[in-house]
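Fit chain E to the given chain L structure using the hints.
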Amino acid sequence: MQLGKNELMNEKILDNEAVIVIKGLKKSFDTLKVLDGIDFSLFKGENIAVLGRSGSGKSVLIKIISGLLKPDAGVVKVLGQEVDQLSLVELQALRMKIGFSFQNSALYDSMSVRGNLEFPLVRNKRDLSKTQVNNAIEEVLHEVGLSQAINQMPSELSGGQRKRIGIARTLILKPEIMLYDEPTAGLDPITSIEINNLILKVQQEYKTSSIIITHDLTCAKTTANKITMIQEGKFLTMGSFKEVFNTQDASLRSFYDYNFINDK
Amino acid sequence: MKTNTVKSKILDEQKYVISKKVDAFFTDIYNVYMFILRFFKEAFSPPFEFKEIINQCYLVGYKSLALISLTGFITGIVFTKQSRPSLSNFGATSWLPSLISIAIVKALAPLVTALIAAGKVGSNMGAELGSMKVTEQIDAMEVSATNPFKYLVVTRITAVTLMIPILVLYTGFVGMMGSYLNIHQTELTSFTAFFKSAFASITFLDIYASIFKAFCYGFTIGVAGCFQGYYAQNGTQGVGRAANSTVVLSMFLIFVEEMIIVQFVNAIR
Numbered sequence: 223m224q225l226g227k228n229e230l231m232n233e234k235i236l237d238n239e240a241v242i243v244i245k246g247l248k249k250s251f252d253t254l255k256v257l258d259g260i261d262f263s264l265f266k267g268e269n270i271a272v273l274g275r276s277g278s279g280k281s282v283l284i285k286i287i288s289g290l291l292k293p294d295a296g297v298v299k300v301l302g303q304e305v306d307q308l309s310l311v312e313l314q315a316l317r318m319k320i321g322f323s324f325q326n327s328a329l330y331d332s333m334s335v336r337g338n339l340e341f342p343l344v345r346n347k348r349d350l351s352k353t354q355v356n357n358a359i360e361e362v363l364h365e366v367g368l369s370q371a372i373n374q375m376p377s378e379l380s381g382g383q384r385k386r387i388g389i390a391r392t393l394i395l396k397p398e399i400m401l402y403d404e405p406t407a408g409l410d411p412i413t414s415i416e417i418n419n420l421i422l423k424v425q426q427e428y429k430t431s432s433i434i435i436t437h438d439l440t441c442a443k444t445t446a447n448k449i450t451m452i453q454e455g456k457f458l459t460m461g462s463f464k465e466v467f468n469t470q471d472a473s474l475r476s477f478y479d480y481n482f483i484n485d486k
Numbered sequence: 257m258k259t260n261t262v263k264s265k266i267l268d269e270q271k272y273v274i275s276k277k278v279d280a281f282f283t284d285i286y287n288v289y290m291f292i293l294r295f296f297k298e299a300f301s302p303p304f305e306f307k308e309i310i311n312q313c314y315l316v317g318y319k320s321l322a323l324i325s326l327t328g329f330i331t332g333i334v335f336t337k338q339s340r341p342s343l344s345n346f347g348a349t350s351w352l353p354s355l356i357s358i359a360i361v362k363a364l365a366p367l368v369t370a371l372i373a374a375g376k377v378g379s380n381m382g383a384e385l386g387s388m389k390v391t392e393q394i395d396a397m398e399v400s401a402t403n404p405f406k407y408l409v410v411t412r413i414t415a416v417t418l419m420i421p422i423l424v425l426y427t428g429f430v431g432m433m434g435s436y437l438n439i440h441q442t443e444l445t446s447f448t449a450f451f452k453s454a455f456a457s458i459t460f461l462d463i464y465a466s467i468f469k470a471f472c473y474g475f476t477i478g479v480a481g482c483f484q485g486y487y488a489q490n491g492t493q494g495v496g497r498a499a500n501s502t503v504v505l506s507m508f509l510i511f512v513e514e515m516i517i518v519q520f521v522n523a524i525r
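From first to last, the protein sequence lines stand for chains L and E. Going by our numbering, the first residue of the first sequence is number 223, and it counts up by one from there. Going by our numbering, the first residue of the second sequence is number 257, and it counts up by one from there.
The hints are simulated quantities; they were obtained by calculation from the structure and are not laboratory data. There could be a bad hint or two in this list.
What the hints assert, rightly or not - Using 20 angstroms as the maximum straight-line C-alpha spacing, the simulated SDA-like pairs for lysine to any residue come out as follows:
(1) 362(E) with 456(E)
(2) 292(L) with 362(E)
(3) 299(L) with 362(E)
(4) 307(E) with 349(L)
(5) 266(L) with 239(L)
(6) 307(E) with 346(L)
(7) 307(E) with 254(L)
(8) 347(L) with 401(E)
(9) 396(L) with 398(E)
(10) 452(E) with 343(E)
(11) 292(L) with 390(E)
(12) 429(L) with 302(L)
(13) 307(E) with 396(L)
(14) 347(L) with 302(E)
Chain L on its own, in the form it takes in the complex (with noise of 0.2 angstroms):
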């Protein structure tokens, strides 16, 4: 099918603005189908959030974003960059400018605080005095309100605090783009606020463009302009939360109905 002028300008236009833009993107596991031709584009200062059941492919989407995992087939472009294309060394540039929240924070277990926030840094940006180094640290730190924690090892941290760090590791590089991978998993209400909070402050101050994988509709709705659900590897519909909320596809409703019962 040939498209006319109009949409491939458009197209074009939108390509331009996009940071992400996926297209026919799929991955299987041996003769598992996890992703079968995902299409969809994250615009700048947007965040959107990928719901979906557990095992349904939302983590590996995230990991071809950032090139942990090879796509099957597709184009994935990351700041106009073909990400599978890239060699190791583009690829590293291209990393400096996403931030991965991991689901279970993935902190360096035997550095301490300072050692996790220090670790991208120096080796990022060689030219950096020590001066420096520990000015952007406390700064990192104090974004997301753990300033005290600073010498503690992530042993010692709860879960909300080893999160609030994880973000921290990755801010340190003043990303463009964040993935999120479940940011609110076996945290208490309380804590999914305070990390809600920070993922829009995160959005606001450092001006990034977001993809969130979340099951937690609350943590969709309170971060995400936008939310899709991930199906048989195929994304269903897509807009915005009251949106998608009042679809009246099964699956959907499903979801919606045993996740969000209190929220209605």
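For chain E alone, coordinates are given in the frame of chain L:
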């Protein structure tokens, strides 16, 4: 007819399982080869992680000293005690220092040190990297635009390759001291006479060969530990498997290398 079909189906399944295992074996060999190539590529390209190499040398070397000292010392004493009756039957106990030095320098010191290091250092590397892999810490390093291979793998393999030869020399010394104490106690041999007799039968080639072996063993332990850990899978079970297979694989390869190097040294002697 039906029985034949079932038999042929079972045979096909068996063939499939065997061919999968053969595939996996050769894939593993290829992956290890690529891992070693990457090690050399990353080891000689900047930036270098000197601070972490020194930290790993401290962990591998200094932290193993107590165990190595005790084992080396006991090996020296036990080997002396076990050899004495056989030599005394021929009235040749004066040959004990030579026999002990040949055994310790040529075989016992490198082997004992390498086997202890495989158990202590290798399993530690496999478990540590394996646990970092399954808790996504290695992925976290990768997505923060750093090179986990250089920081975790290159530093560990370099440290263990450098430290094992030093530990081998130390084990040799401690083993000889253990032997001397035992001989001194029984035969009243002086320190000077013992070492004069001991070194009379040792050539530089023996010492060089031991140091060369130690480098090979260290490199083997490092590669086995880091490879198993870096590619660990399946959660905590995978971590245990990584630690275990590091020890088994390292020990097996150490004996294979010992055999090859001994043949090689004997050929050039």
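Going through the hints against the structure:
| no. | hint | result |
| --- | --- | --- |
| 1 | 362(E) with 456(E) | holds (14 angstroms) |
| 2 | 292(L) with 362(E) | violated (49 angstroms) |
| 3 | 299(L) with 362(E) | violated (59 angstroms) |
| 4 | 307(E) with 349(L) | holds (17 angstroms) |
| 5 | 266(L) with 239(L) | holds (6 angstroms) |
| 6 | 307(E) with 346(L) | holds (16 angstroms) |
| 7 | 307(E) with 254(L) | violated (44 angstroms) |
| 8 | 347(L) with 401(E) | holds (11 angstroms) |
| 9 | 396(L) with 398(E) | holds (16 angstroms) |
| 10 | 452(E) with 343(E) | holds (19 angstroms) |
| 11 | 292(L) with 390(E) | holds (19 angstroms) |
| 12 | 429(L) with 302(L) | holds (18 angstroms) |
| 13 | 307(E) with 396(L) | violated (26 angstroms) |
| 14 | 347(L) with 302(E) | holds (14 angstroms) |
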